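Number of protein chains: 4
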Amino acid sequence: MGSEHRFPVRVYFEDTDLSGVVYHANYLRFMERARSDMLRAAGIDQRGAFESGEGVYAITNLAIRYRAPAKLDDDLLIVSRVMDTKAVSCVIQQRVMRGGLLVAEADVTAAFLSPEGKPRRQPQPWLEAFRRLQGEEETV
Amino acid sequence: MGSEHRFPVRVYFEDTDLSGVVYHANYLRFMERARSDMLRAAGIDQRGAFESGEGVYAITNLAIRYRAPAKLDDDLLIVSRVMDTKAVSCVIQQRVMRGGLLVAEADVTAAFLSPEGKPRRQPQPWLEAFRRLQGEEETV
Amino acid sequence: MGSEHRFPVRVYFEDTDLSGVVYHANYLRFMERARSDMLRAAGIDQRGAFESGEGVYAITNLAIRYRAPAKLDDDLLIVSRVMDTKAVSCVIQQRVMRGGLLVAEADVTAAFLSPEGKPRRQPQPWLEAFRRLQGEEETV
Amino acid sequence: MGSEHRFPVRVYFEDTDLSGVVYHANYLRFMERARSDMLRAAGIDQRGAFESGEGVYAITNLAIRYRAPAKLDDDLLIVSRVMDTKAVSCVIQQRVMRGGLLVAEADVTAAFLSPEGKPRRQPQPWLEAFRRLQGEEETV
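Protein chains in written order, with the working numbering: chain A, 1 to 140; chain B, 1 to 140; chain C, 1 to 140; chain D, 1 to 140.
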């Protein structure tokens, strides 16, 4: 079953472009903030892992569908759900909502990399954290 | 067959993040620059169409695969190819190259929207420009 | 005397560059979020004014001193204070703090512009809101 | 006398905000591109110095005056001039031009920092490069 992580984002001038709505690339920034917040809440210290030379996540695949525009001052909610957890990567589904309206939805694959940029098994406590988020803990 | 549009991008500090490579959302900025340059070269005046109230393009779908990192000072080449042209939208395939190395590749769907945000038939000369880029002119 | 407006900002990957700290231009984004929040809290509806054709603020002068770096995951506080209120512009002093440490400080002048880009007297209720923020209400 | 470095920048959708003009923080990105290009042309390898652990530049002070708006598709020219060169820092004056029109002008102070973030004497060949840019070589 898993659980959903919810992260609020306000739209500021920096996020819009001259067409009056949020610039398409900026949703990726919103979604990364939400993923980082989800990881932090799950006890995953990305900065510590980076500074100690353990590694860092990199996005390997991302597919996004834009459904409705968002505008200045909008209160958005980024809803994230872990869909799959493998040794070196995980898949996260993310929806950008404004009230009950779906603004955008994406499937994001992130892989853990060594400082040299090679795929590396995620730290064991992190794997367990992702599996808890995914809702698999009872099946193991 | 169609033709490829080639657009150079240099990587600056603004494009990188603390992991030392280009932040994943910034490739979308690079690819948008390349599409805008391709349109300008094809005689499509996006600013004029926006200011006259004719309309503006919005991205509706984007799927990107990240294959290799890019770093500060890298000379990248964005290679764009129109794959499909419909009345209100078109599909563009874009590859980010560093020399012979594929850094990222994406499929991007853009739709033309009225100032109210409704899908609108692309201006006829623009449709013809996209079809020329796509290489269909000889088949009509 | 006036009052200080306090606005929290978390540092995400998007904000950093390869040197490992927040990219210098991104503090301007943080400070603009704080100013927009301060205006919203004071009852100033920037989006409404823009959409109704009344006008929009533009920065005319900005001076920033960078005092200490900020890093991924840092919890920053943007402290803003209105220093001067004129008919068409106001001056806001902003400090970026991490706990008791001063990260950056800036003086920002914003002018109200008509849709044609000409300086325009700020709406009267907004002027009064700025003067309340500045702490001049008792002196008038 | 010194020499001016000239760097062209095109305005894209990513650079604008809903008010229809370039977002104020984005001029700092344009100016950083120009400085990096000036350094590269002068033989200064910022990426090499960073990767070898020698150090990296950080902005310590920046004052910018915005004089005229810039819009989508504008061809801007960033004109940079080294004004002062000290052991650990230098001052660069930068103007953003559109044809003969001054769009923005800034004074920027950059300091060289060790990987630990401490001010460090700039590498001797870089100091000499800055002095050549500044036009002091004939006076020494």
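Since the hints were made in silico from the structure, they are not lab data.
Don't take each hint at face value.
[Claimed, not checked] Quick look at which bits of chain C chain D covers, simulated, 3 or more residues with Cβ under 8 Å:
{"hint": "1", "region": "20-27"}
{"hint": "2", "region": "65-73"}
{"hint": "3", "region": "88-98"}
[Unchecked claim] In silico negatives: residues of chain A with every beta carbon more than 12 Å from chain C:
{"hint": "4", "residue": "R35"}
{"hint": "5", "residue": "M83"}
{"hint": "6", "residue": "D107"}
Keep in mind that this is a model prediction, so the values were computed, not measured.
Think of the CB as a built atom: it goes at the ideal place given N, C-alpha and C, for glycine as much as any other residue.
Each hint tested on the structure:
no., hint, verdict
1, 20-27, "holds (count 4)"
2, 65-73, "holds (count 3)"
3, 88-98, "violated (count 0)"
4, R35, "10 Å, violated"
5, M83, "21 Å, holds"
6, D107, "19 Å, holds"
Hints 3 and 4, counting from the list given before, are not met by this structure.
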